[in-house]
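There are 2 protein chains.
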Amino acid sequence: MSKKQLILDLFAKDMIKFGEFTLKSGKKSYIYADIRTSISYPSLFKQICNEYSKIMANIQYDMICGVPYSALAIASAIAYDKSIPMLLKRKEVKEYGTKKILEGYYNPGQNCLLIEDVISTGASLIETTIVLEEHRLKVTDVCTLIDRNQGGREAMQQHGYKLHSIMNLTEIIDVLYAENKISANDKKNALALL
Amino acid sequence: MSKKQLILDLFAKDMIKFGEFTLKSGKKSYIYADIRTSISYPSLFKQICNEYSKIMANIQYDMICGVPYSALAIASAIAYDKSIPMLLKRKEVKEYGTKKILEGYYNPGQNCLLIEDVISTGASLIETTIVLEEHRLKVTDVCTLIDRNQGGREAMQQHGYKLHSIMNLTEIIDVLYAENKISANDKKNALALL
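Quick mapping for you: the protein sequence lines, in order, are chains Y and W. Residue numbering for the first sequence follows the numbering used here, beginning at 1 and increasing consecutively. Residue numbering for the second sequence follows the numbering used here, beginning at 1001 and increasing consecutively.
To be clear, the hints were calculated from the coordinates, so they are not data collected in a lab. Treat the hints with care, since some could be wrong.
[What the hints assert, rightly or not] Okay, derived cross-link-like pairs now, PhoX-like style, lysine-lysine, Cα gap no bigger than 20 Å in a straight line:
1) W:K1091 x Y:K91
2) Y:K13 x W:K1100
3) Y:K82 x W:K1046
4) W:K1082 x Y:K46
5) Y:K46 x W:K1046
6) W:K1054 x W:K1162
Construct all of the structure, not just a fragment, from the sequences and the given hints.
This is the structure in structure tokens:
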């Protein structure tokens, strides 16, 4: 399956939508990208994981950490398939038991590759890298399926991290317009709000 | 790898420990079983997933749902490896966006197999089955790696669910004692508090 076909599949399954949306940051957007439902479509889920594996082939790391929840599912599948040690950063800290925000076994100084699904401004990703660094892990690279072209790449770079994205919103808009899936008006509206 | 070897590996990697512990329920225990760190050991993680696949071979279901976080990593790996549609039940509901507690695509009436890692009383599992049923999914079976022998099986049965466990604490204690990994005193203390 090509990247073009992956974009068409994500659109066909409503994981990429056009219309008026408000992002987490409060900013308006005309394009919605959310791959959470992909876990329910085995061949699509496999294709997504395989796209990550491709870009991961050129990155140096000792382990991977998936950001809950979608990217955690993806990281788990890749960790299983490629025999890569994994860590898990909770969204919340348990009230009982070992009360760890970071689960898994590692040694200080090891390089942890972060797996995210969609990056916007990068703010939540930077929160995650801070947690990893507080645990004396090294973070140099971050992988994401979709870069929303909203400064995430630059924000990561400013903090010293390299962002590897499989696709960005401009590419998605171009493919969907070229394949007659969206109107010229959708394209214009979506690009205007990037 | 045999189930015995899996138990020895979990013990060697401190995922099964003996001593004085307090469980989530407030109850005292002399045996601690927590497989969260297994995600960091690729061959162990694979072996755990394969043990689930074995018991899943005799169960009828349309999709699987992993309970965050350890079992979600396991369910994701199995879903990827065996091409099984997956759902994901969040621990918390997002404040923005689609605000779903259950993520994924499904049709009402489909049978969802629950994947848990360790079952104690079954209380948190029953909370999860209620969420799935409120979403008009059917739940008949639940898989877990470890049954703590604390009434979970009976509680699930009372609610109409069948629990499939890969191992229970009695088996674990027996294997570790037979292999000279724990003392007679550890065995006695652990069994006394089951």
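Results of checking the hints against the structure:
At most 20 Å may separate the alpha-carbon atoms for a hinted pair to count; W:K1091 and Y:K91 meet this at roughly 9 Å. Note on Y:K13 and W:K1100: the hinted pairing holds, with a Cα-Cα distance of about 17 Å set against a maximum of 20 Å. About 10 Å separates the Cα atoms of Y:K82 and W:K1046, which keeps this hinted pair within 20 Å; it holds. Under the criterion of a C-alpha separation no larger than 20 Å, the hint pairing W:K1082 with Y:K46 is consistent with the structure, at around 10 Å.
For a cut-off of 20 Å, the pair hint linking Y:K46 to W:K1046 stands: about 17 Å separates their Cα positions. A C-alpha spacing of about 16 Å is found between W:K1054 and W:K1162, which places the hinted pair at or below 20 Å, so the restraint holds.
Comparing the model with each earlier hint shows no violations; every hint is respected.
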